[in-house]
Amino acid sequence: MSAPTPKTTPEVGGMGHSIKRKEDPRFLRGRGNYVDDIQLPGMLHMDIARSPYAHAKIKKIDTEKAMKVPGVLAVITGATLEQYKLHWMPTLMSDTQMVLPTDRVMYQAQEVAAVIATDRYAAADGAAAVEVEYEPLPVVVDPFKALEPGAPVLRTDKPGKKDNRIWHWEAGDRAATEKAFREADVVVKEQIYIPRIHVASIETCGCVADFDRVTGKLTVFMTTQAPHAIRTVFALVAGHVGLSEEKIRIVSPDIGGGFGGKVPVYPGYVIAVAASVVIGKPVKWVEDRMENLQADSFARDYHMTAELAAKKDGTMTAVRIKTLADHGYADAAANPSKFPAGLFSICTGSYDLKNAFCEVDGVYTNKPPGGVAYRCSFRVTEAVHAIERITDRLAQELKMDPAALRMKNFIPKEKFPYHSALGWEYDSGDYPAALKKAMDLIGYDALRKEQVEKRAKGELMGIGISSFTEIVGAGPSKHFDILGIKMFDSCELRVHPTGKAIARFGTKSQGQGHETTYAQIIAEELGIPAAHVQVEEGDTDTAPYGLGTYASRSTPTAGAAGAIAARKVRDKAKKIAAHLLEVSEDDLVWEPGKFSVKGAPQKAKTIQEIALAAYTNHPQGMEAGLEAVDYYDPPNLTFPFGSYICVVDIDRGTGEVKIRRFVAVDDCGNIINPMIVDGQIHGGLTMGMAPALLEEISYDEQGNNQAGSFMDYLVPTAMETPSWETAKTTTPSPHHPFGAKGVGESATVGAPPAIVNAVVDALAHLGVKHLDIPITPEKVWRILKEKGVAE
Amino acid sequence: MAMHRIRVKVNGAAHESEVESRLLLVHYLREMLRLTGTHIGCDTTHCGACTVLLDGRPVKSCTVLAVQADGRDVMTVEGLEKDGKLDPIQEGFFQEHGLQCGYCTPGMMMTSHALLQRNPNPSEGEIRQAISGNLCRCTGYVNIVKSVQHAAAAARSRS
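Sequence order for the protein chains is A and B. Per my numbering, the very first residue in the first sequence carries number 3; after that it's consecutive. Per my numbering, the very first residue in the second sequence carries number 3; after that it's consecutive.
Quick caveat, the hints were computed from the structure, so don't treat them as lab data. Each hint should be verified, as a subset may be incorrect.
[To be verified] Using 27 Å as the maximum straight-line C-alpha spacing, the simulated BS3-like pairs for lysine-lysine come out as follows:
1. A:K147 - A:K456
2. A:K439 - B:K148
3. A:K488 - A:K660
4. A:K340 - A:K576
5. A:K191 - A:K324
6. A:K24 - B:K87
7. A:K22 - B:K11
8. A:K459 - A:K324
9. A:K781 - A:K22
10. A:K147 - A:K160
11. B:K84 - A:K24
12. A:K605 - A:K570
13. A:K781 - A:K324
14. A:K283 - A:K324
15. A:K24 - B:K11
16. A:K439 - A:K181
17. A:K181 - A:K191
18. A:K439 - B:K84
19. A:K488 - A:K313
20. A:K313 - A:K356
21. A:K605 - A:K313
22. B:K148 - A:K605
23. A:K451 - A:K771
24. A:K660 - B:K148
Since this is a predicted model, take the numbers as computed values, not measurements.
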């Protein structure tokens, strides 16, 4: 249960040490290297003209005025790209989307033309001077209306397409679940909408595309979380114009936050590449914040109907969820290919539910295509929100304490590995321990007493719980692939003659601190100090192939590959040590950093001595060098979990929800760097609070984006964000090489229902049963007014 | 486009440049002087990634024109370290894990540096208020507050 004592010294800095981050010295000095910092000789700039309409015919694009702007060299339209058959591109979900349109625009802020100029101001002037004649078409904003008979069919480019349904997906046993609902003592049902939100990483998206006409090599510096996959996609999409995979180099330099928003291929990247290939000069494209919020991939937008069946005593018997997923005009989600609704079937949550059924329908509307995660593993946040919200509804219906109801229904510790009704094998868990710890830390019983007293005085205070289970680390190759490429990840480790090492990985940090934590994994396995392990990622010319960083997969997959590669190195080191010490391998014992002879600990060789010997005195018949590669295919996903408790006070004058305290108990298995894990949880909690209280991208009936800048899209500041309190339980993953599970997204997944449950709890005695997020002061104030308690 | 000759002192070094009227200070710093530590995160003066000190006061350099800096002192993140020694605010962010992706960090440190210049012993509330114009998406601000407190304590013990 408690965290294990580190096996290595702080100087070595293996697992469990809060060593300071290796990436910080450059960031602290302003010496990071982000995409917009890159300036190449002769580099041109690109800006994009965008559609003011959500749905319109393009009657004419006039580029004449734009071409007259001083500094403008070229204007690229859909017609330009059509010559190269590059005006459409495939999405990761085997749908198609436009790079630039030839005849129609499908959402507001869609790319219409790109202007290439000698500097960014000239490019912006040029984009403003592009004249487009539109003929507005009927706009489909509401996904329910999109499915009604007679709704305009949006994807007329698809032969034979007669409606706006993209796909239907379901999981579980419909008949058995219906039977359980018929036999239930009590059934609760709620309509839950999780609105569109945007990751809004502080760095927007962009690239510098650099095509060398002499060598035929294309180098693209770009804001991508998955550089290798991007390289292959580019080769597949643009193979017919001569781009060949060995001549494509994708470099993902320092990335200013990703959160899922830097997984997709956006049209801007493709246009910049096309421009560089055609012009033969480097082309930089960096979107501004409004373009980022209005055109890049969104997250969520799930309209869910959740139902829970139970016995009178509170034993849950079945869950059923029906969902409409608004994907915009193209399914450009970033999910594993076989999972159109991601891992939504984790929606049985932390509970021992024998019956479950869920179904999701994907729908086209006139909105930007998507969706991506928002710091979560493929639709897990939506699933957790549904089950944790409906669980509280059941508690309210049965007049049971929500903590007691959860305790009664948790999957018991001894049932792990647990087979869920929707087909997952949960690897490990101890849910009651996490909830109990959270209750003890926050003083749950005392808070309930305080709430009774406050209510008697008319004050509004609520306590909300969320006991979530995540599913991360995609994933086992049997089920998980992206466009056919299996979702393994990789490490290539080389130990130098002086005992220092370089390790390269197929993932890409966007702030997670891989340069530090991966070095700690190598330090743990080999005893080489983390300070002596150089970690590199993000350059496809040097790093081994991997699927990238998202869905909390880095530590479960690439981290595992690092440990296994180090163990392969250790196996060879053992042979060398046996040779140096003139003993049999069987006579050697390993402790961090050295092999010694059993019974004669003074006879030992350090990893550094062995590394030198690998190049200077290796056994005859053995290859020189000390290195290994591992492509790790995880046997299962990992299932981090936690229990969060939130206390809110509501201002009866303004409707403002104030988070008084928030205790987060997380269990992510064994921890590499506690300091970094806590930092990830703080950030995740804040990105969980954000959609719960502040953030939403909505559209008016004409499809106009109502939150297209930071004026209206409310990213939390330090003022709204509380001082988060964190704690851990430790239940190692039984199948991961060092028992880790992944942690970066747990808090984003777990926090929203804790906050909503707290607000509903504060208002429950007034008859409030549910609130959709974001719970804005206006929304709360209207309820207070209606109930006659507004001050 | 009219051009202007401006004289700006940046991190103690004098610069004389020809700039367009509309050139933003952030582009002047990043593209003409190649001081790329100052970042751009929005277009509406909300995110604070581009914060620099203009005559000692934090400004968002995406909404200041380069010509407005004529005859004035600009300090950027590159000017914090002195004689190979990190400024207490940099040391605070390092020790307290006040940064993750590093993108908001320069602006966040410049704002915090200015706060500590005028208030060497700020409360948590004063720190949160001071940095409320700087958005961070990674850290949840908890460790940023601690970083500023760390820097304040270090500066106090030094003086």
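Structure-based check of each hint:
1. Annotation: proposed proximity of K147 (chain A) to K456 (chain A) is violated, straight-line Cα distance about 44 Å (limit 27 Å).
2. With a CA separation close to 25 Å, the supplied pair K439 (chain A) and K148 (chain B) stays within the 27 Å bound.
3. With a C-alpha separation of about 45 Å, the suggested pair K488 (chain A) and K660 (chain A) falls outside the 27 Å cut-off, and the hint is violated.
4. For a cut-off of 27 Å, the pair hint linking K340 (chain A) to K576 (chain A) is broken: about 42 Å separates their Cα positions.
5. Distance restraint check for K191 (chain A) and K324 (chain A): the Cα-Cα separation of roughly 11 Å lies within the 27 Å cut-off, and the hinted pair is therefore satisfied.
6. Simply put, K24 (chain A) and K87 (chain B) have alpha-carbon atoms about 17 Å apart, close enough for the 27 Å limit, and the pair holds.
7. For the given pair, K22 (chain A) sits about 34 Å from K11 (chain B) by alpha-carbon distance, which is inconsistent with the 27 Å threshold.
8. At roughly 41 Å between alpha-carbon atoms, K459 (chain A) and K324 (chain A) are farther apart than 27 Å, so this suggested pair is violated.
9. For the suggested pair K781 (chain A) and K22 (chain A), the alpha carbons sit about 43 Å apart, so the restraint of at most 27 Å is broken.
10. Restraint check for K147 (chain A) and K160 (chain A): the C-alpha separation of about 20 Å stays at or below 27 Å, so the hint holds.
11. Simply put, K84 (chain B) and K24 (chain A) have alpha-carbon atoms about 21 Å apart, close enough for the 27 Å limit, and the pair holds.
12. With a CA separation close to 23 Å, the supplied pair K605 (chain A) and K570 (chain A) stays within the 27 Å bound.
13. Taking the CA atoms of K781 (chain A) and K324 (chain A), the gap is near 25 Å; set against the 27 Å cutoff, the hint holds.
14. Proposed proximity of K283 (chain A) and K324 (chain A) is contradicted: the alpha carbons are some 51 Å apart, above 27 Å.
15. A threshold of 27 Å between alpha carbons decides the hint, and for K24 (chain A) with K11 (chain B) the separation of about 32 Å lies outside it, so the pair is violated.
16. At roughly 37 Å between alpha-carbon atoms, K439 (chain A) and K181 (chain A) are farther apart than 27 Å, so this suggested pair is violated.
17. Restraint check: the Cα-Cα separation between K181 (chain A) and K191 (chain A) comes to about 16 Å, which is no more than 27 Å; the hinted pair holds.
18. For a cut-off of 27 Å, the pair hint linking K439 (chain A) to K84 (chain B) is broken: about 46 Å separates their Cα positions.
19. Simply put, K488 (chain A) and K313 (chain A) have alpha-carbon atoms about 43 Å apart, too far for the 27 Å limit, and the pair is violated.
20. Restraint check for K313 (chain A) and K356 (chain A): satisfied, since their Cα atoms lie roughly 13 Å apart, inside the 27 Å limit.
21. Proposed proximity of K605 (chain A) and K313 (chain A) is contradicted: the alpha carbons are some 67 Å apart, above 27 Å.
22. For the proposed pair K148 (chain B) and K605 (chain A), the alpha carbon gap of about 47 Å is over 27 Å, so the pair is violated.
23. Restraint check for K451 (chain A) and K771 (chain A): satisfied, since their Cα atoms lie roughly 21 Å apart, inside the 27 Å limit.
24. Proximity of K660 (chain A) to K148 (chain B) is assessed by CA-CA distance (about 22 Å); at most 27 Å being required, the pair is judged to hold.
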